[in-house]
Amino acid sequence: MTDKFIELADGFFVAPQITPDDVREAAAQGVKVIINNRPDGEEFGQPRGAEIEAAAKACGINYVAIPMAGMNFTEACLDAFDKAVSAGQGPVLAYCRTGTRSTVLRACAKARAGAPAMEILQEAANAGYNISGIAPRLAALARG
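Sequential numbering from 1 applies to the sequence shown in my numbering.
Derived from the structure by calculation, the hints contain no laboratory data.
Between beta-carbon pairs, the in silico distance windows are:
(1) Pro67 <-> Arg24: 21 to 27 Å
(2) Glu51 <-> Ala140: 32 to 38 Å
(3) Arg24 <-> Glu75: 31 to 37 Å
(4) Ser86 <-> Gly133: 23 to 29 Å
(5) Gly114 <-> Glu42: 29 to 35 Å
(6) Thr74 <-> Arg48: 19 to 25 Å
(7) Gly90 <-> Gly128: 19 to 25 Å
(8) Lys57 <-> Ala125: 32 to 38 Å
(9) Asn126 <-> Asp79: 24 to 30 Å
(10) Asp3 <-> Ala139: 31 to 37 Å
(11) Ser86 <-> Asp40: 21 to 27 Å
(12) Glu7 <-> Met71: 18 to 24 Å
(13) Met118 <-> Lys57: 34 to 40 Å
Straight-line distance between alpha carbons at most 27 Å, and here's what the computed DSSO-like set of lysine-lysine pairs gives:
(14) Lys83 <-> Lys57
(15) Lys57 <-> Lys4
(16) Lys32 <-> Lys4
(17) Lys83 <-> Lys4
(18) Lys32 <-> Lys83
(19) Lys57 <-> Lys32
Values in this document were obtained by computation on a predicted structure and should not be read as measured data. Even glycine gets a Cβ: it sits at the ideal position worked out from N, Cα and C.
Please take these sequences and the hints and turn them into a complete structure.
What follows is the structure in structure tokens.
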């Protein structure tokens, strides 16, 4: 994978904002699902989700939009994320402005599925993301 795609776990990558060229690179690397966690218009000049979706479709990649403003997301976001990941049948690339939101969404989905918070936090840290501030949220999700 390109240096822009950061591997959190086997077959799951996060990235800052991607471009249609990045989508083609992801396809060449075997990515089967792209999850967009960034709302359109968040930053001047960012590619619109429709551009990324068109590039993904042209490459045979499933595109799923789960836009989140900041770290504010709902159970529905987690449900959509779980569905996108489980239906992917191959590597997944999730992106936002920096990769942090995508990392947090995955962390929360893993916690909800019962993964230990410390394991989740370490996985993120190993990829360069300090998400320790959400440890209480992870613990709460793990408890159900």
